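J.: Here is how the chains run, residue by residue.
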Amino acid sequence: MPRSKLFSSASDAVADVPNGASIAVSSFAGPGGMPHFLLLALWEQGARDLTLIANTGGLTMVSGLGSPGGKKLIDQSILVESGRVKKAIACYPVYPRPSIVTPLEQAVRDGSVEMELVPMGTLVERMRAAGAGIPAFFTPTGVGTEVERGKEKRVFDGREHLMERALHADYAFVRAWKADTMGNVVYRQSSRAFGPVMLACARVAIVEVDDVVEPGDLAPDMIVTPALYVDRIVVRPKDGALITAEGFRQRAPRM
Amino acid sequence: MTTGKPRLDREAVAARAARELPDGAVVNLGIGIPTLASQFVPAEKQVLFHSENGVLRFGPLAGPGEQDEDLINASLQFLVPVPGMSFFDSVAAFEMIRGGHVDIAILGALQVSERGDLANWRLPTRAVGNIGGAMDLVAGAKRIVVAMEHTDNDDHPKVLSDCTYPVTGRQCVSLIITDIAVIEVMDGGTRGRLQPKGLLLREVAPGWTVEEIQALTGARLHVASDLREIQL
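Sequence order for the protein chains is G and F.
Using the working numbering, you'd call the opening residue of the first sequence number 1 and step up by one each time.
Using the working numbering, you'd call the opening residue of the second sequence number 256 and step up by one each time.
Bear in mind the hints are in silico, worked out from the structure with no lab data behind them.
Predicted, not measured: the structure shown is a model, and the values here were computed from it.
Just so you know, not all the hints are guaranteed correct.
What follows is a set of in silico ranges between Cβ atoms, one per label pair, in the way DEER data are often shown [said to hold, decoys possible]:
# : chain 1 : residue 1 : chain 2 : residue 2 : range
1 : G       : Pro98     : F       : Ser416    : 22 to 28 Å
2 : G       : Asp239    : F       : Gln486    : 52 to 58 Å
3 : G       : Leu228    : F       : Asp409    : 51 to 57 Å
4 : G       : Ala136    : F       : Pro277    : 33 to 39 Å
5 : F       : Arg475    : G       : Gly83     : 49 to 55 Å
6 : F       : Glu321    : G       : Arg154    : 29 to 35 Å
7 : F       : Gln486    : G       : Gly111    : 34 to 40 Å
Where is the CB? At the ideal position from N, CA and C, for every residue including glycine.
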């Protein structure tokens, strides 16, 4: 019988996250792919001085963006607004219009969070490189913009390129659809996005899934993330009330 | 005073932009007016829309009762399943972009210069901007079309001799479609391979004169010999 990576709860799965850890959080932008229960568990656990790596800085909790019916669910904003984050590495950190100010935008304005803004293709490729043992690579993305500041430039085939470094994470919090107990993972529709590459770039890769099944239940042909990339599995509780912004506010009034 | 003259609405700008999409093209649409273009592709054309979260081929948008958090595009529009749709991760989505597999990107803009420089990721008044996938698209998609309003909220020109806002990419834009004009960047969009030769006014919105459009433009416009009215 293969060893199971299933943890009994999200709290157990994040118990060893130390202060200062870097955490890659999946979800392209909306609640799809968002590891709500791992984020909630980490908020309760209390680790501080975190570096968040994500596509956005948390847009759904304040705006309902990407959420069916505009429902507001928690996201990485709960860590930002409670002062646990010292740095964010993201591509689309703030709300598209200046009219809505997210906790991350407020924190950057206040100077409490350092922001590293990265083009999206460069961010995912930096994580891919980390997971693939490539220390750096050259990309044409960002040439002639603020992104090129401080980076080595080289001309290949008559075109300038920037050198970008691999990006490792200490932990990945990734929401997926199903996993078997060995850690083979499948994703649901458009929510795959940043999930597979975040699992691959992290020293401790945790998936939060709707369902866990036995090895053999997922067709090998369909598996997207093979088991070796996954260290811990947690199953989402069926009761979703905890992860609504409203439910969260009842436990943690806005600071 | 030209400010009060009727301009094309956002849907009309998107409809004009959709006419730039040839049959069989792989197309990425940016947030804003470009997003609307997917709804103006005629049924006889097959356009493969590509999205940075890892979707290829989508069409109609989901109605209120059928929204699925796991079926969205990068503009966070809710999609419906269509035959031939595929899903992949964002690493592959950007390999497609940088690898030259995306034929056209239609993007919104804060400013565009007469050399086809694009600025669309940060307002100077805001502490943080959103780069998203735009810098990869302008570096990798074969053709960049801008769809935007011709002037900003204070009626300042957005088409300029030089961008004053932080740029997304240099010499990347080929065509600018606005609510009053269609303007070609001559020899534009080659990212430095050719020297752009300035702006060519090709189409004007109904009721607008060349002089009125020039007055709302911060760069010199050459006028096409076959200048015509925008057809939708």
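J.: Hints first: check each against the structure and report whether it holds.
T.: So, going through the hints one by one against the coordinates:
1. Evaluation of the 22 to 28 Å hint for Pro98 (chain G) and Ser416 (chain F) yields a pass: the beta carbon distance comes to about 26 Å.
2. Between Asp239 (chain G) and Gln486 (chain F) the CB atoms are about 56 Å apart, so this pair conforms to the stated range of 52 to 58 Å.
3. Evaluation of the 51 to 57 Å hint for Leu228 (chain G) and Asp409 (chain F) yields a pass: the beta carbon distance comes to about 56 Å.
4. Ala136 (chain G) and Pro277 (chain F) have their C-beta atoms about 38 Å apart, which keeps the hinted 33 to 39 Å range intact.
5. For Arg475 (chain F) and Gly83 (chain G), the Cβ-Cβ distance of about 52 Å falls inside the hinted range of 49 to 55 Å, so the restraint holds.
6. Restraint check, Glu321 (chain F) to Arg154 (chain G): a C-beta distance of roughly 49 Å breaks the suggested window 29 to 35 Å.
7. Remark: the range hint 34 to 40 Å for Gln486 (chain F) to Gly111 (chain G) is contradicted by a beta-carbon distance near 52 Å.
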